[in-house]
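Student: Throughout the sequence shown, residue numbering follows the working numbering, covering 48 to 216 in sequence.
Take these hints with a grain of salt, some might be off.
So the derived label-pair ranges between C-beta atoms look like this [stated by the list, open to error]:
#, residue 1, residue 2, range
1, SER101, LEU140, 25 to 31 Å
2, TRP213, LYS129, 43 to 49 Å
3, GLY110, PRO133, 34 to 40 Å
4, ASP92, TRP213, 20 to 26 Å
5, VAL70, ASN103, 31 to 37 Å
6, VAL108, LEU66, 30 to 36 Å
7, GLY110, LEU214, 19 to 25 Å
Keep in mind the hints are simulated off the structure, nothing from the lab.
Predicted model, so just to flag it, every value in this text is computed and none were measured.
Every residue gets a Cβ at the ideal spot worked out from N, C-alpha and C, and that includes glycine.
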Amino acid sequence: MATYEQAEQARPDGHGNLLTFVVLAGLTLLMGGMGALATARGVADWYPTLTKPSFNPPNWVFGPVWTTLYLLMAYSMWLVWKSPGPLRQVTRLTFFGMLSVNALWSLLFFGLHLPGLALVDLLLYLILLSLWYRQLRAQDPLAARLQLPHLAWVSFAGALNASIWWLNQ
Numbered sequence: 048m049a050t051y052e053q054a055e056q057a058r059p060d061g062h063g064n065l066l067t068f069v070v071l072a073g074l075t076l077l078m079g080g081m082g083a084l085a086t087a088r089g090v091a092d093w094y095p096t097l098t099k100p101s102f103n104p105p106n107w108v109f110g111p112v113w114t115t116l117y118l119l120m121a122y123s124m125w126l127v128w129k130s131p132g133p134l135r136q137v138t139r140l141t142f143f144g145m146l147s148v149n150a151l152w153s154l155l156f157f158g159l160h161l162p163g164l165a166l167v168d169l170l171l172y173l174i175l176l177s178l179w180y181r182q183l184r185a186q187d188p189l190a191a192r193l194q195l196p197h198l199a200w201v202s203f204a205g206a207l208n209a210s211i212w213w214l215n216q
């Protein structure tokens, strides 16, 4: 595993330029926005009818948490965007795959009202996120550490999704 200093030395021109960060941030927020479109209707009419566990946070918590996580994702990806070596391409593919799987979760859970299938999607997301964390850690320890809140939140979301599925069968 590379240290932060080794990762810095491996990037002679630093990380990606500012435009790269803006594009990555825009893309992550756009994908999140697509998920929010699927979520909006379900939150208004279907979600209130569900039995939820006692640890279910208020609805207003999700927007700020996900916005923060999307920006941290973009920043982590930006930190390793120009990392040398073959892992760079795999890291990018994992990142874009995660964004797609995450957007699909919103459609499955809120749009199609399929919490069981959404849970399967969320488990795939957690696997991809764990893989991405390891890929980041090998290239830039800071980029990886920035994803620890993301890992914690998605794990919590998995418990929440599983509980809602179980309570509403």
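Student: Would you say the C-beta atoms of VAL70 and ASN103 sit inside 31 to 37 Å of each other?
Tutor: 35 Å, holds
Student: For the range 43 to 49 Å, tell me whether the beta carbons of TRP213 and LYS129 fit it or not.
Tutor: 45 Å, holds
Student: How does the Cβ-Cβ distance of GLY110 and LEU214 compare with 19 to 25 Å: does it lie in that range?
Tutor: Hint holds: Cβ distance 24 Å, inside 19 to 25 Å.
Student: Does the Cβ pair SER101, LEU140 satisfy 25 to 31 Å?
Tutor: The hinted range 25 to 31 Å is violated for SER101 and LEU140, with Cβ atoms some 39 Å apart.
Student: Mind checking the hinted window 20 to 26 Å against the Cβ distance between ASP92 and TRP213?
Tutor: Holds - the Cβ-Cβ distance for ASP92 and TRP213, about 22 Å, lies within 20 to 26 Å.
Student: Do the Cβ positions of GLY110 and PRO133 conform to the proposed distance bound of 34 to 40 Å?
Tutor: 37 Å, holds
Student: If you check the beta carbons of VAL108 and LEU66, does the distance land in 30 to 36 Å?
Tutor: 32 Å, holds
In summary, the one numbered hint that this structure violates is 1.
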